[in-house]
Amino acid sequence: MSQLFDRSSNALARTTMALAVVLAAGGLGLVLSLGQTSWVTRQNLLIKQPIQFSHDHHVGQIGISCGYCHTAYERSSSAGIPPTATCMNCHSQIWAQAPILEPVRASFRSGQPLEWVRVHDLPEFVYFDHSIHVAKGVGCETCHGRIDEMAGVTQAAPLTMAWCLDCHRDPVRNLRPRSEVTTMGWKPPENLAELQQELAREYNVQSKMSCSTCHR
Amino acid sequence: MRPERLFACALLALGIALAGCRQDMHDQPRLKPLRESEFFRDGSGARPIPAHTVARGNLRADTVFYTGKWADGQLADGLPPQVPFGRALLERGRDRYGVFCAPCHDSAGTARGMVVRRGFKQPTSFHDPRLREARLGHFVDVMTNGFGAMSSYASQIPPEDRWAIAAYVRALQLAEHAPVAELSAEDRERLAASGANP
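Protein chains in written order, with my numbering: chain A, 1 to 216; chain B, 1 to 198.
Since the hints were derived computationally from the structure, they do not count as laboratory data. If you're wondering where the values come from, they're calculated on a predicted model, not measured in any experiment. Some hints here could point you the wrong way.
Stated by the list, open to error - Here are the simulated BS3-like cross-link-like pairs (lysine-lysine), alpha carbons at most 30 Å apart as the crow flies:
1) 69(B) - 121(B)
2) 136(A) - 32(B)
3) 48(A) - 136(A)
4) 136(A) - 187(A)
5) 69(B) - 48(A)
6) 69(B) - 208(A)
7) 187(A) - 208(A)
To be verified - A partial selection of chain B residues facing chain A, derived with a Cβ cut-off under 7 Å:
8) 15
9) 89
10) 115
11) 119
C-beta: ideal position from N, C-alpha, C; glycine also.
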């Protein structure tokens with residue numbers, strides 16, 4: 001009986017083996033790097049909301065400050081999402097008949113809150129707190145980007161652990177005066193590095209790297 | 001190693017890696033602010049306060065501090081004892097005034113803010129003689145209970161900030177009518193440089 005496989009199939013077998021290794025390594029690499037892509041971190045993803053609320057319009061053009069709606073940013077772990085009553089402070093008269101605002105009026109009449117869809121969503125095993133960051137002089141812009149130019153909010157940062165740690169390792173270079181935390185498009189002064197050193201001393205800013213800072 | 005074995009190993013490794021993609025730990029029944037909950041019937045993790053409950057520290061027996069009025073309904077004529085007067089109070093007042101009032105009353109108090117320019121009812125200027133005469137408590141009362149077309153800001157502004165804003169509005173009123181002679185030499189120079197007509 002003649003041999004089933006001739007000599008050339010040795011090469012074939014070797015190539016298959018090599019390919020299998022490359023494929024397995026590639027697959028593993030793919031799975032590991034998937035976590036960093038915006039497909040998983042949901043970075044820059046535009047989410048459909050019950051009403052097309054525009055920060056561009058309200059903050060950028062009309063000039064309303066973040067604190068008017070996100071009232072808890074100085075005091076609480078959560079910055080807070082405004083209740084319908086806050087919208088009605090102005091929309092009781094402005095665009096009071098506009099069909100686009102009917103869901104707001106319906107919610108105000110019935111007392112049933114508007115169901116905004118979360119844009120930023122850290123896992124449940126992570127603890128985050130707005131008040132400490134704001135009190136130590138980290139601006140909204142640093143983490144959320146130019147909100148005042150967004151017609152619909154998207155997540156500007158990846159919100160991965162590496163991202164948090166990147167700042168926590170050396171927070172000083174991300175500081176600004178407390179009075180400027182809600183400013184969008186802040187123009188840093190010439191002597192920025194000096195100013196930041198000074199602020200770090202004044203606010204007593206520390207580098208918080210222990211696991212229990214964020215996992216508690 | 002034989003190719004099948006190698007392949008099996010690779011598959012196993014891939015399987016273990018993929019098992020890490022489960023989201024159970026990301027979405028636990030733990031409640032954080034503003035998250036939804038499957039536990040409560042209304043689907044909200046935030047619980048409304050049951051009727052007639054008073055949370056600790058929220059009895060608000062001190063009516064002047066919380067409303068600007070004495071128990072007999074008289075408007076307060078000055079700051080309550082919890083709110084010490086000083087530069088810090090006015091600084092805080094200026095900051096909060098810019099956030100909550102300037103959209104309508106504008107940064108000078110002349111009632112020509114952006115929202116008014118877009119069609120909201122125009123309020124009385126803070127430099128109107130009637131409001132210059134008004135007691136400090138009037139401003140706190142308006143913020144707490146609303147006034148005509150203006151809604152209440154009690155849920156958005158805590159009481160100590162309401163007093164800070166009222167104090168700042170009073171400072172705005174005084175500044176508008178301050179005689180040039182009362183300014184410091186430095187401020188007078190700045191005024192002259194700006195070319196303004198006092």
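Status of each hint after checking the structure:
no.: 1; hint: 69(B) - 121(B); in the structure: holds (26 Å)
no.: 2; hint: 136(A) - 32(B); in the structure: holds (23 Å)
no.: 3; hint: 48(A) - 136(A); in the structure: violated (33 Å)
no.: 4; hint: 136(A) - 187(A); in the structure: holds (19 Å)
no.: 5; hint: 69(B) - 48(A); in the structure: violated (45 Å)
no.: 6; hint: 69(B) - 208(A); in the structure: violated (46 Å)
no.: 7; hint: 187(A) - 208(A); in the structure: holds (27 Å)
no.: 8; hint: 15; in the structure: violated (10 Å)
no.: 9; hint: 89; in the structure: violated (16 Å)
no.: 10; hint: 115; in the structure: holds (6 Å)
no.: 11; hint: 119; in the structure: holds (6 Å)
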